[in-house]
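Put chain B on the given structure of chain A with help from the hints.
Top to bottom, those sequences are chains A and B.
Using our numbering, read the first sequence as starting at 1 and increasing by one per residue.
Using our numbering, read the second sequence as starting at 1001 and increasing by one per residue.
Please note that the accuracy of each hint is not assured.
[Said to hold, decoys possible] Simulated restraints, written as ranges between beta carbons of each label pair: (1) A/Ala12 / B/Gln1049: 19 to 27 Å; (2) B/Ile1053 / A/Lys98: 47 to 55 Å; (3) B/Lys1060 / A/Asp4: 31 to 39 Å.
[Said to hold, decoys possible] Which chain A residues stay away from chain B? Per the calculated CB distances, all over 12 Å, these: (4) Ser44; (5) His90; (6) Met185; (7) Thr288; (8) Phe321; (9) Leu322; (10) Lys323; (11) Pro437; (12) Glu551; (13) Gly565; (14) Asp567; (15) Glu575; (16) His581; (17) Pro644.
Hints listed in this document are in silico derivations from the structure and should not be mistaken for laboratory results.
Owing to the predicted nature of the structure, the values given are computational and were not obtained by experimental measurement.
Built from N, CA and C at the ideal position, the CB exists for glycine as well.
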Amino acid sequence: MKLDRRTFIKSAAASSAIAAAGSIFPGISFADWKKQEGASGQISWKKAPCRFCGTGCGVLVGVSGDRAVAVKGDPNCSVNKGLCCVKGFHVVQALYGKDRIRKAQVRKGDKMVEVPISEALDLIASKIQETISQTGKDSVSIYGSGQWTIPDGYVASKLFKGCLGTNNVEANARLCMASAVTGFMTSFGIDEPMGCYEDIEHANVFVTWGNNMAEMHPVLFSRMLASRKRRSDVTVIDLATRSTRSSQASDKSILFKPSTDLAVANAICYEIIRNDWVNWDFVNKHTTFHKGKTNIGYGTEDHFKFKDKPQDITFEEYKEFLKDYTPEKAERISGVSAMDIKYLASLYGDPTKKVTSFWCMGMNQHVRGTWINNLVYNIHLLTGKISTPGNSPFSLTGQPSACGTVREVGTLTHKLPHGVVMNEEHRKMAAEIWDVPLANIDPKPTYHTVEMFRALDRGDIRFMWIQVTNPMITMPNLNRYRNGALKDDRFIVVSDVYPTPTTDVADVILPAAMWVEQEGMFGNSERRTQHFDRIVPGPGETMSDTWQIIEVARRLGFEKQFPWGEDEYIEKIWEEYRRFHAGPKHNMAPYALLKKRSGVQWPFVNGKETRWRFNAKYDPACKPGSDFDFYGKKDGKAWIWARPYEPAAESPDDEYNFWLNTGRVIEHWHTGSMTRRIPVLHRAMPESYVEINPEDAMDLGVVTGELVKIISRRGSVTMKASINGRGVPPRGMVFVPFFDESYKINEVTLDAFCPISKQPDYKKCAVRLEKV
Amino acid sequence: MPILSYLALPRDGSMDRLCADLSAMEYCEIIPADNQEVVVLVTDTPDEQTEKILQETLKKLPSLHSLSMTFGHNAE
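In isolation and in its complexed conformation, chain A is listed as follows:
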């Protein structure tokens, strides 16, 4: 490949102009440029979704020879329209960290020894067989993530649920969006958002509920700000527990006390009803009212069980329930002024305004995560502001395929690719497609994530295969679960791309292919499936997670269920998986189309994507003649829930007098195992820190950069203080980003979870501070 100097300079000139245009005209697209550059011979550009968050930005990966050398936003991808965030622009560098795992390793004595990958795969298969024969099928498990590609998760579920007969399949998406799922299921009977990112260009009001989008979903936040800049009638409200960059960029920042968003949401509904801003036509035709159990616990004890018991109620009973949440009463609970609550209600209640609510971890990592999801849906349902362009309650995700792999493939203990293990018809469908006996699929779910790691600690689980995730950083109450994994008769397999605290506890480490070193698909937050080709080869003996599972499955005697060749397996898996979702409610695009486009939204019916579900104008699954049809529920009606305010599992007291809130920063993705190996991102944010309110810092006698010890009933971490930095917590709260493995803040957090979703609450526990 030869490029003359003049052509190179002309290419640089064009790049410069395009970059300048991008900064002056946000969202500008030069699709023809891709073709011209490709023709120049210097670099070829291939489409892929970004490796990092759940936004699903399309990127073009520049390849020279066998190496990915550049990245730019894909102007043909409707998600980001050519934009990228700072992580996306550097994503290809994550492939080339110096300490990439290239060879399989097996623990021999106290040492990890490199072995041929085939030997490691033999050992894994024999260990699975041995464990099942000694302690039963439910003593082996697999734990993946929303970073699994769709084929990764599909073959994991097929092997463990279909072939081995255990429902010990979980994914770390349980830690980040399980409450969103149960919120959808309880309100609508079907999972995933009804709207799409195009809502951003239609909405007049955005309310971000505990969601620092400026750092966590920066491309969507940019789209929101661009929409506000273009139009005169757009308002952004940040409703949160601490001040962030999102608060600074919003028109109004409202702070509430931890967990009291429940009271605020109920008070908004109270005001909507009191002012008769209810969309009665919509409510009468499309909703019903319900209540469930209260005082439902926090799941901090082993073997915790909870089952809700929904009961029908009337609108009048719901109205009576809301009397506990007048704006004045809610002010006393939440700290949000009655005036601000009334203001929020007036925005939601104004029939001339289109309102979109965004949320992510703030509402989902919440001991009442399902409830707060229900309550925000209540607001949209009461006002009829749902399933129409710009009117959208929108739950965002944090991982690139949390929706695609975990929610759609169903890599959770109770799930199947279509439906749940408890349902015989769903099991029959799975058994037929998987070509396994129906009796293989156990009708009882086993362990959700926290309980799975408790079972590992107790010894109920003896074998765990961890792929594409780093639970030895992310599990709450981490000390217990790390100690459990290290016990003598536990066998831990870890497939990953870099050494992490999780590979530290492994008995076998498998070198995994990463992102565009393999073919695969992700599914983003707006029901968009995004295919990527194998664009560059992986180093050493790296192998895709899908193929690792196939190799082990064949060693276990399941050649019939995993018959595909290496040159075709992704296509074959996709077309098999797609059978689970056939029909207008969830039909997926064919493989050939996914390869061609920068993402396709489901339901994909009669050659068309569905942008707004449950609205007959857009969604062919709606009953003929209906305007809206919430077909996840048998009667086609969405549920409005009476859910009360209940406090967090652990609140500050005299001994532990601060709230601890944890989260992320823009520079690093998740536990930082990839982004901390990208020099520019690492230099920009080299280590974690603890944000302290300036007045609290003054009381402690601490200034920025001084060391502070954060102590809870479970552990402690010492780290540098940040005062008046990019985020400022209110008095009585500290905030710590969790990306830095040198400061394992989850040794401090509490493993309490939402009893319905089983998603832990990483945002609220009690700590005390000591100046070091």
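Showing chain B alone in chain A's frame:
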């Protein structure tokens, strides 16, 4: 042998005309934006004299509203 790049903005409603005019001119290559009325123009002339003449010609284009330089290189 100057190589320069510009962002060219058309007069109202003249995007297509501007693209046609620039495409027809010697030493000019264009990359039109597909969602906004902006054109990237790259010029590659053999010498400074030709460059000067080209710039004069560009300034007189009726379809052109403004021209902002983003890159300049002159190999002697």
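Hint by hint, here is what the structure shows:
For A/Ala12 and B/Gln1049, the Cβ-Cβ distance of about 24 Å falls inside the hinted range of 19 to 27 Å, so the restraint holds. A C-beta distance of roughly 53 Å is found between B/Ile1053 and A/Lys98, which places it inside the suggested range of 47 to 55 Å. Between B/Lys1060 and A/Asp4 the beta carbon distance is about 32 Å. The supplied range of 31 to 39 Å therefore holds. Distance check for A/Ser44 against chain B: the nearest CB is about 18 Å away, which clears 12 Å, and the non-interface claim stands.
Every C-beta of chain B lies more than 12 Å from that of A/His90, the closest at about 23 Å, which supports listing it as non-interface. For A/Met185, the condition that its CB be more than 12 Å from all CB atoms of chain B holds, with the nearest at approximately 38 Å. For A/Thr288, the condition that its CB be more than 12 Å from all CB atoms of chain B holds, with the nearest at approximately 43 Å. Interface exclusion of A/Phe321 from chain B stands, the closest Cβ pair being 48 Å apart, more than 12 Å.
Every Cβ of chain B is farther than 12 Å from the Cβ of A/Leu322; the closest lies at roughly 46 Å, confirming the non-interface assignment. Chain B leaves A/Lys323 outside its interface by the beta-carbon criterion, the shortest separation being 51 Å against a cut-off of 12 Å. For A/Pro437, the condition that its CB be more than 12 Å from all CB atoms of chain B holds, with the nearest at approximately 54 Å. For A/Glu551, the non-interface assignment is confirmed: its Cβ lies about 45 Å from the closest Cβ of chain B, beyond the 12 Å cut-off.
With a cut of 12 Å on Cβ distances, A/Gly565 stays outside the contact zone with chain B, its closest approach being about 39 Å. The Cβ of A/Asp567 lies farther than 12 Å from every Cβ of chain B, with a closest approach of about 35 Å, so its non-interface assignment holds. The beta carbon of A/Glu575 sits about 33 Å from the closest Cβ of chain B, which is more than 12 Å, so the claim that it is off the interface holds. No beta-carbon of chain B is positioned within 12 Å of the beta-carbon of A/His581; the least distance is around 32 Å.
Every beta carbon of chain B lies more than 12 Å from that of A/Pro644, the smallest distance being close to 48 Å; the non-interface claim holds.
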